[in-house]
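Note that the protein sequences, when read in sequence, are chains A and B.
Just so you know, this note's numbering puts the end of the first sequence at 281, numbered straight through with nothing missing.
Just so you know, this note's numbering puts the end of the second sequence at 179, numbered straight through with nothing missing.
Warning: the hint list may mix true and false statements.
What the hints assert, rightly or not - Restraint-style ranges between C-beta atoms, simulated for each label pair:
(1) A/Asp222 - B/Arg118: 57 to 63 Å
(2) B/Lys123 - A/Gly66: 48 to 54 Å
(3) B/Arg117 - A/Tyr151: 24 to 30 Å
(4) A/Ile81 - B/Tyr108: 19 to 25 Å
(5) A/Glu273 - B/Met104: 16 to 22 Å
(6) A/Leu67 - B/Lys123: 29 to 35 Å
Since the hints were made in silico from the structure, they are not lab data.
Ideal Cβ positions, reconstructed from N, Cα and C, are used throughout, including at glycine.
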Amino acid sequence: MLRNIVKTLLKVPNTRQFVTAPTSSIITQSKDRLAEQINQYNSKFLPEPREVWIENLDTEETNRLGLMKLHPEVFADTPRIDIVQRNVQWQKMYRFVSFAHSKTRAEKRGGGRKPWPQKGLGRARHGSIRSPIFRGGGRCHGPRSPTPHFYMLPFWLRLKGLTTTLSIKLAQDDLHVVKDLEIPTNDKEYIKSLVEKRNWGPSVLIVDDNDIMPKNITIATDEISYINLMPVYGLNVYSMLKYNTLVLTKAAAEKIQEKILFNLRRTDAYKMEAKFKVNQN
Amino acid sequence: MAFRNLLKLQKQLIPQLNINRSIAIMSIKCGRFKSSEKFQGIQNHPNVEVIENPPEWKYVEHLLGSKLIPQPETKSEYPSGWQPQNPEKYKELPYFIKRTRNFMLPVYLDVTFRGTRRKTFIKNIEGDIWKLEQDLIDVIKQRIGNNPVYSQINEMNRSITIKGDYVTLIQKYLYSIGL
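Given the sequences, and given the hints that come with them, work out the whole structure.
Right, dumping it as structure tokens:
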């Protein structure tokens with residue numbers, strides 16, 4: 001039998017064919033269609049696409065360069081403040097580790113000896129001076145350090161949190177779309193006066209589609225604590241609420257829209273939660 | 001005889017390796033990652049022809065499945081009883097119910113207290129939620145007579161909860177009005 005196997009192995013030809021996938025993937029093709037799918041129900045109760053001005057950053061005064069349509073499922077969602085609250089709570093808690101600590105009766109010093117005899121003194125019976133009912137005794141069921149508070153919010157609530165917060169920001173006129181992040185100088189006074197002239201409030205979060213941003217704006221905002229830069233993949237509910245104004249570049253707005261619409265319609269969304277299920281089979 | 005052939009095979013597979021043959025025979029188990037031989041450079045591996053965009057790729061795509069939920073096919077009748085929304089019928093209604101991402105009606109049964117409490121839950125409601133609640137209560141009363149129907153409206157969630165299991169009844173009614 002071994003001989004037969006060896007013979008057949010020796011006969012195997014040296015050339016094999018490998019087939020590669022085409023360069024244009026399935027997702028990119030269908031993503032173009034996603035942004036076009038607006039109000040497919042044709043109902044008067046569903047929101048229309050939202051229109052925003054595309055502004056500039058290269059002058060202090062606002063120049064309106066054009067209009068942009070935003071998808072209603074992402075930028076005109078129902079303001080579910082309960083979901084916003086759950087997202088904020090989750091973002092605060094999953095990184096929180098409680099270091100509160102108390103000693104039990106076993107960890108307290110002493111207390112090994114019976115304080116007084118069981119009978120004959122007319123006093124209550126006790127076995128240790130570190131019992132929880134004693135002053136200076138150990139604590140029962142006290143906080144133990146470190147206590148992690150990590151949990152995962154369901155995938156759909158995380159997604160809904162993003163759409164809700166983006167819609168709230170847009171409805172409250174706190175969301176601006178700019179063409180790009182090119183500014184003429186790297187002077188921080190320029191960006192400070194720009195924010196003041198445009199009434200962008202006490203703090204601004206600027207979001208670009210890429211994490212390598214133009215040199216001037218990174219130098220200008222580097223020392224200003226209330227103006228921050230963020231790539232699209234870092235966008236989250238907590239930061240959007242923390243900053244007064246959310247400034248998206250046009251590319252960032254399109255990328256956010258594309259990603260959220262894809263996730264709202266993906267078939268394998270159940271896999272996003274599988275990793276964080278408590279009872280793993 | 002067989003042992004000699006095996007040695008021949010080993011020579012072919014790893015011509016560069018000049019190691020103790022008895023050990024090499026023991027260690028060639030290419031089915032596992034750790035015991036398989038190390039990469040010797042591309043020139044020592046079999047020739048491979050790479051084909052890009054073959055016409056047969058569409059069959060592979062079919063097997064891979066869709067990344068996105070596909071739109072349902074339009075038919076006159078579906079064997080499961082499912083119906084698509086009918087814009088002709090719901091156009092005049094003062095309310096609207098958005099289908100779920102899988103094109104199903106968002107009507108659910110909520111069973112709590114080990115089956116002793118059953119609630120019907122309807123979500124994704126747009127428009128006049130109070131009118132929809134009244135219409136649903138009227139439909140239920142046709143079934144159960146003049147008994148009271150307990151219901152609850154959550155305006156922020158845009159949902160209605162009705163005490164009792166009326167999922168099929170409500171689904172049939174919503175299909176009939178085109179939602």
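Taking the hints in turn, this is what the structure says about them:
1. A/Asp222 - B/Arg118: 57 to 63 Å: The hint (57 to 63 Å, Cβ to Cβ) holds, given that aspartate 222 of chain A and arginine 118 of chain B are roughly 60 Å apart.
2. B/Lys123 - A/Gly66: 48 to 54 Å: violated (38 Å)
3. B/Arg117 - A/Tyr151: 24 to 30 Å: 27 Å Cβ-Cβ, so the 24 to 30 Å window holds.
4. A/Ile81 - B/Tyr108: 19 to 25 Å: holds (23 Å)
5. A/Glu273 - B/Met104: 16 to 22 Å: At 19 Å between Cβs, range holds.
6. A/Leu67 - B/Lys123: 29 to 35 Å: holds (33 Å)
Going through the hint list in order, the structure does not satisfy hint 2, though it satisfies all others.
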